[in-house]
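Participant: For reference, the chains in residue letters:
2 protein chains.
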Amino acid sequence: MEIKVLQKVLAANDRVADENRGMFDANKITVINLMSSPGSGKTTLLDKTIEALKGELKIAVIEGDIQTTMDAERLSRHDVPIVQINTAAIGGDCHLDAAMISSALHDLKIEGLDLIFVENVGNLVCPAEFEIGEHFKAVVISVTEGEDKPLKYPLMFQVCKWAVISKTDLLSVLDFDIEKLRVYMKQVNPKLEVFELSARSGAGFDAWLDHIREAVRAKKQG
Amino acid sequence: MEIKVLQKVLAANDRVADENRGMFDANKITVINLMSSPGSGKTTLLDKTIEALKGELKIAVIEGDIQTTMDAERLSRHDVPIVQINTAAIGGDCHLDAAMISSALHDLKIEGLDLIFVENVGNLVCPAEFEIGEHFKAVVISVTEGEDKPLKYPLMFQVCKWAVISKTDLLSVLDFDIEKLRVYMKQVNPKLEVFELSARSGAGFDAWLDHIREAVRAKKQG
Chain H
148 MEIKVLQKVL AANDRVADEN RGMFDANKIT VINLMSSPGS GKTTLLDKTI
198 EALKGELKIA VIEGDIQTTM DAERLSRHDV PIVQINTAAI GGDCHLDAAM
248 ISSALHDLKI EGLDLIFVEN VGNLVCPAEF EIGEHFKAVV ISVTEGEDKP
298 LKYPLMFQVC KWAVISKTDL LSVLDFDIEK LRVYMKQVNP KLEVFELSAR
348 SGAGFDAWLD HIREAVRAKK QG
Chain C
148 MEIKVLQKVL AANDRVADEN RGMFDANKIT VINLMSSPGS GKTTLLDKTI
198 EALKGELKIA VIEGDIQTTM DAERLSRHDV PIVQINTAAI GGDCHLDAAM
248 ISSALHDLKI EGLDLIFVEN VGNLVCPAEF EIGEHFKAVV ISVTEGEDKP
298 LKYPLMFQVC KWAVISKTDL LSVLDFDIEK LRVYMKQVNP KLEVFELSAR
348 SGAGFDAWLD HIREAVRAKK QG
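Sequence lines, in order, name chains H and C. So for the first sequence, this note's numbering puts the first residue at 148; every next one is plus one. So for the second sequence, this note's numbering puts the first residue at 148; every next one is plus one.
Mixed in with the good hints there might be a few duds.
Chain copies aren't distinguished; within one or between two, either way the pair holds.
Stated by the list, open to error - Simulated crosslink set (DSBU-like; lysine-lysine; CA at most 35 Å straight-line):
id : residue 1 : residue 2
1  : Lys175    : Lys327
2  : Lys155    : Lys195
3  : Lys338    : Lys367
4  : Lys195    : Lys333
5  : Lys201    : Lys155
6  : Lys327    : Lys195
7  : Lys256    : Lys333
8  : Lys327    : Lys155
9  : Lys175    : Lys201
10 : Lys256    : Lys195
11 : Lys308    : Lys338
These are calculated hints, taken from the structure and not from any lab test.
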């Protein structure tokens with residue numbers, strides 16, 4: 148009974164997600180949904196990514212948080228459009244859903260944009276269940292979190308196309324086996340494309356940026 | 148409407164939580180509910196805590212995960228009773244609730260126990276909403292996660308009596324302002340008791356252990 152209700156909720160969500168995606172496609176905009184545990188470095192990743200790409204691409208951000216506008220404020224220095232969603236105002240949801248994105252689009256002039264980043268609420272569980280109309284789901288996992296996360300939170304790693312292993316500058320002081328993490332990732336999702344990088348040192352960042360550029364180019368041509 | 152349903156669910160949960168707590172109290176058992184983001188170091192904290200206390204206290208563990216028994220296996224070397232709850236089998240819930248704890252108690256001989264640790268599902272949002280019958284809720288936050296977490300996930304820090312700041316051995320290589328974290332913690336919950344420790348180096352561990360000993364002693368006498 149409970150499962151039936153949940154399926155209905157998810158089916159309704161998927162319809163709105165399809166509408167969002169249709170609008171993005173009609174405007175040839177690439178949308179990337181960044182998800183992770185709290186504190187894995189999503190905002191810092193976004194900050195450095197926007198800094199590197201804002202000269203060549205028109206970028207906007209949809210910021211999801213239960214409350215506060217701290218992340219949006221951190222990103223505001225880039226002078227790109229940012230819409231904040233605070234789920235506390237609508238029940239405190241621990242994830243973004245398609246209707247919230249649809250509402251956010253009313254506050255965003257999407258014509259002329261190339262790329263929208265959605266920073267989801269920090270949570271490795273529930274955001275994985277909700278399509279929002281994005282083209283790419285990316286999970287961020289820092290090397291401080293432990294190698295077992297793909298096995299313990301498999302849905303997140305299964306629904307994502309991309310995984311970013313962040314904070315690699317800390318590897319030298321941690322007992323962290325990055326190969327073990329990669330094996331577990333492949334085990335739950337053999338197709339996952341994996342990036343290792345440090346937003347602090349810049350190591351590995353070029354491959355990440357090139358991948359985004361290529362996704363945007365493909366959408367423009369498609 | 149949606150909120151009404153949620154309140155009913157939570158009211159039903161609270162009734163079962165009260166039953167659990169009544170059973171713990173009748174047996175003079177202290178129950179500590181450990182919550183955090185994935186990867187903040189709950190299992191390592193538990194591992195070192197059990198190692199230090201198992202000679203003097205009768206301890207059991209209820210391990211909550213969506214799936215896998217990896218954490219339970221890590222703790223099994225201590226030869227204390229462990230019951231694993233895998234929420235994947237019952238809908239994939241991102242938190243433990245009182246009924247799950249009640250079920251777990253069928254598999255646990257609680258007579259003679261002094262202390263039960265519950266390791267909740269890794270999630271800084273939803274576990275805060277569900278009473279399970281514990282006496283102490285403790286949030287673990289590692290110094291790799293960012294100082295802003297109490298402001299962004301205030302409910303978790305409001306419901307907890309204790310907060311453990313973990314992985315302090317990494318402070319020297321991070322740009323982390325532990326005083327800022329403490330200010331934010333006090334801001335959302337002035338009564339929060341805060342421990343700073345490193346399970347790896349052992350720094351700060353004695354104060355944490357003494358606090359647990361004192362809680363167990365008070366329950367035995369009360």
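Participant: Next step is simple, just say for each hint if it's right about the structure.
Facilitator: Structure-based check of each hint:
1. Lys175 - Lys327: neither (38 Å within a copy, 42 Å between copies)
2. Lys155 - Lys195: neither (39 Å within a copy, 44 Å between copies)
3. Lys338 - Lys367: within (24 Å within a copy, 54 Å between copies)
4. Lys195 - Lys333: Result: close both inside a copy and across copies, 27 Å intra and 31 Å inter.
5. Lys201 - Lys155: Close neither inside one copy (39 Å) nor across copies (48 Å); limit 35 Å.
6. Lys327 - Lys195: both (27 Å within a copy, 23 Å between copies)
7. Lys256 - Lys333: Close neither inside one copy (38 Å) nor across copies (39 Å); limit 35 Å.
8. Lys327 - Lys155: neither (38 Å within a copy, 43 Å between copies)
9. Lys175 - Lys201: within (17 Å within a copy, 61 Å between copies)
10. Lys256 - Lys195: within (23 Å within a copy, 53 Å between copies)
11. Lys308 - Lys338: within (7 Å within a copy, 43 Å between copies)
Of the hints listed earlier, those the structure fails to meet are numbers 1, 2, 5, 7, 8, in rising order.
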